[in-house]
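**Q** Spelled out from the first residue to the last, the chains are:
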Amino acid sequence: MFAGASKPGAPGPSPGGGPGVSGAVAGYRATEAEAVLAARSEELTDRLSEVRALQADLALKEAWAAHLQGELDRAQAEIERLLSVQARAVELEAELRATRARASYRLVDRVGRWLDAIPGAPRVRRWASHRTARG
Amino acid sequence: MPSPAPLGSVAGHRIERPVAEEPGRDGPTAEERQPGSGHPPGAGSPAAPDRGVVTLPAPRDPAASVVMLAWRSPLVVASLRAVAAAGAGHPFEVVVVLNGAAPEIIDLVTGSVVGARIVSSPVNLGFSGGCYRGARAARGGHLVFLNDDTEVQAGWLDALLDTVEGDGSIGAVGSRLLFDDGTIQEAGAVLLRDASTMTVGRGEPDVAGTYLERRDVDYCSAAALLVRRSAWEAVGGFDDRYFPAYYEDVDLCLSIREAGLRVVYEPRSRVVHHESATLDSAYKTFVHGRMRDRFREKWAGHLGLYVEGDPWSPATVERAVRRAAGTTG
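If you're matching them up, the sequences are chains A and B in order.
Letter by letter, the first sequence follows residues 1 to 135 of this note's numbering.
Letter by letter, the second sequence follows residues 1001 to 1329 of this note's numbering.
The hints are simulated quantities; they were obtained by calculation from the structure and are not laboratory data.
Computed from a predicted structure; not experimentally measured.
A couple of the hints might just be wrong.
Said to hold, decoys possible - Far from chain B, by Cβ distances over 12 Å, these chain A residues were calculated: (1) 33; (2) 49; (3) 54; (4) 60; (5) 68; (6) 92; (7) 95; (8) 97.
As the list claims (entries may be wrong) - Once the Cα atoms are required to be at most 27 Å apart in a straight line, the calculated DSS-like pairs of lysine-lysine come out as: (9) B/1298 <-> A/61; (10) B/1284 <-> B/1298; (11) B/1284 <-> A/61.
Claimed, not checked - Listed next, with one range per pair, are the computed distances between beta-carbon atoms: (12) A/33 <-> B/1281: 31 to 39 Å; (13) B/1180 <-> A/91: 50 to 58 Å; (14) B/1300 <-> A/90: 50 to 58 Å; (15) A/86 <-> B/1283: 29 to 37 Å; (16) A/29 <-> B/1260: 42 to 50 Å; (17) A/55 <-> B/1236: 38 to 46 Å.
We put the CB at the ideal spot given by N, CA and C, even for glycine.
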């Protein structure tokens, strides 16, 4: 691609335009060397810009990964919070069911005792557990 | 995003003047080259089937160089076809930058486009870096950055060139961008103090009397933006810290204004911009925010000059438009 660039052993102009090398030839070689250097410089600049772009892309991807990790952590924390809320809701629902059952037992028991006091009134089955326990 | 995988014969090297396999005959269509990958055709669809080779002008001494980056969108050929069809009174060339492009896009461009100067990078240099590489290969006196998802309208380039050549104080000129449905996408844009940006006229009907005056603006989108080469060189082109994209156009236009030149919106230059969604919205939002932070950091000492207020308030935008146009203090 770069003519002359890969000829490390190629003779160049000797200082002061040494014997056998005319000024014109030395000048031509200098110009050619400058052109090679310019082309090489441009190519290296391109490679450098590509490396910089890759670095920038990596940095961006790292930042994006960190951003997603943060989102994930927040989502995880939210899931844990929701799970604890759900567990508490299950507990409360169980408590509610138990409370309702106790209230029902008490009500039936109380109505039964009222009916017991009324001669000739129908007997109500008393199946409230706490009453049963006391006989 | 950049594709570090080697891209074969073009990796890292400039390809000058690619020629279709058989110039003069119809080449493969986008669909033929990418079975199943085309966008569904439809009314106003940017993905109308590409037919034949796109032949672009290659003048000896171009007044302008249209620089287009190709990455993953097959719309690039349709965009180039529109450039060829629109033509211009001024001589112009087209530089296509294969910017870490997918192999099928490389095949598509090199097989379907004749006359363009094509340069290549094996990795995605980002919008800034890709444009820089394209600008370096360009020979025109003016650089015209054009997205690969656009459809230029007749007269678009002459309008930009006439504007910049008619007034030496102008450093950059932006086109009137339109949506597929014909409504306005951007009639110039303004910057606010918090570094948010607002496009002017977005969603409004493209009718006579609506933003039809040339005026100074804070910036114009680089989707279709002419930059005077001397201005480009004076400010060093797009800043590559805005990788991979966003805010590089705002930054460039501010730099040009800081250099004492004007940035204007030219309504006679009309370009449909399809705004292809190549990034998912969450990632896009993330990248946009990151670039905005960089922009804010870079221009911290300068943003105080801009209008403050709710960016979604029409009154705020109106004040910003008037400030940019120089009609208020």
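**Q** Hints numbered earlier in the text: which of these fail when held up against the supplied structure?
**A** Going through the list in order, the structure violates hints 2, 3, 4, 5, 12, 17 and respects the others.
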